[in-house]
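Start from the sequences and build out the full structure, keeping to the hints where you can.
Number of protein chains: 2
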Amino acid sequence: MVLHEKTLNSKKIYDGKIFRVRRDRVLLPDGSEGYREIVEHGGAVAIVPLVDEQVYFVRQYRKPVEKVLLEIPAGRLEPGESPAACARRELTEEIGFWPRRLQQLAFFYSSPGFTNEIIHLYLAQELKVKQAVKDEGEFLDVVKMPLAEALKKVACGEITDGKTMTGLLLVAGHLAAISQ
Amino acid sequence: MVLHEKTLNSKKIYDGKIFRVRRDRVLLPDGSEGYREIVEHGGAVAIVPLVDEQVYFVRQYRKPVEKVLLEIPAGRLEPGESPAACARRELTEEIGFWPRRLQQLAFFYSSPGFTNEIIHLYLAQELKVKQAVKDEGEFLDVVKMPLAEALKKVACGEITDGKTMTGLLLVAGHLAAISQ
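Protein sequence lines, in the order shown, are assigned to chains A and B.
Basically this note's numbering = 1-based index in the first sequence + 1.
Basically this note's numbering = 1-based index in the second sequence + 1.
These are computed hints drawn from the structure, not numbers from a lab.
It is possible that some hints are incorrect.
Claimed, not checked - Simulated DEER-style distance windows between Cβ atoms:
| id | chain 1 | residue 1 | chain 2 | residue 2 | range |
| --- | --- | --- | --- | --- | --- |
| 1 | A | W99 | B | K131 | 52 to 58 Å |
| 2 | B | R101 | A | E159 | 28 to 34 Å |
| 3 | A | S83 | B | K145 | 35 to 41 Å |
Note that the Cβ used here is the ideal one computed from N, Cα and C, for glycine as well.
Dropping the structure here:
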């Protein structure tokens with residue numbers, strides 16, 4: 002089946018600091034017309050910082066869900082910034098480490114039904130202490146935990162952030178693959 | 002550190018079909034004020050349909066990313082609908098199967114920095130053929146693939162939908178755990 006949807010027109014709805022919203026009128030595969038509501042996002046990175054089988058996390062209040070969540074360090078790409086440069090910057094800002102070794106694990110779309118947000122996932126190792134320079138308006142606690150314990154928290158539902166679950170599961174698979 | 006952010010006021014920006022947008026003025030932990038832009042979403046389910054080590058997927062055009070993606074069946078909760086009922090409905094609508102066995106694997110927030118969207122993940126087994134009744138405005142192809150092949154597509158970056166990656170990795174871990 003030809004699945005492509007052609008844009009007939011596009012209406013800007015909101016131009017914010019973190020995202021923009023638009024509504025597209027589209028031509029559907031059966032020739033009828035429909036609407037697609039879209040949140041435009043500039044993309045982000047998330048990093049699994051791993052030292053001696055221990056992972057560094059941040060605890061952060063997430064206003065959209067009204068909860069403090071345990072997450073791997075993450076942040077939005079600045080205009081023109083490469084994902085790898087963003088990963089190094091966010092790691093320094095959030096937990097005060099500079100990674101001597103940085104590997105891309107994957108990238109994924111967080112919720113492609115309504116947003117184009119892409120998240121680039123990295124594994125950071127051989128961390129060097131560097132003074133943390135916090136982002137303005139960002140408040141967080143740093144937490145260190147064995148990878149095995151973190152994976153249990155994924156399995157039992159204590160870790161509920163999507164990118165953190167994906168990152169930890171990919172790292173566990175990656176370590177299992179290279180140890181074979 | 003006390004991380005909570007108190008809402009000082011809330012401004013509605015957009016009331017759409019798929020999501021709503023608001024902007025909250027908040028009191029930050031250090032006593033200063035800031036803004037949080039939030040996409041309100043009613044929540045969704047995603048299902049890994051597994052039969053004889055084969056997983057059913059849907060190929061679907063995703064307008065926000067302008068690509069056809071390979072994803073596990075998924076859909077939005079209707080008002081008042083339980084996640085399990087939604088999982089059964091979506092499975093029938095999208096691939097034409099009714100699950101005799103349905104287990105919740107996890108739930109997660111897709112991108113808690115800007116949206117409250119929660120995704121309930123299920124494993125569906127013992128599938129019974131049922132006539133698919135497609136959702137209006139939804140166009141998709143059904144694809145069947147061995148779980149092992151799908152996991153390779155996650156590892157090599159051919160599957161790029163977040164919920165699909167998380168679902169497949171959790172199912173692989175779940176099957177490994179029960180086979181031990």
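- prompt: What are the numbers of the hints the structure violates, in ascending order?
  reply: none
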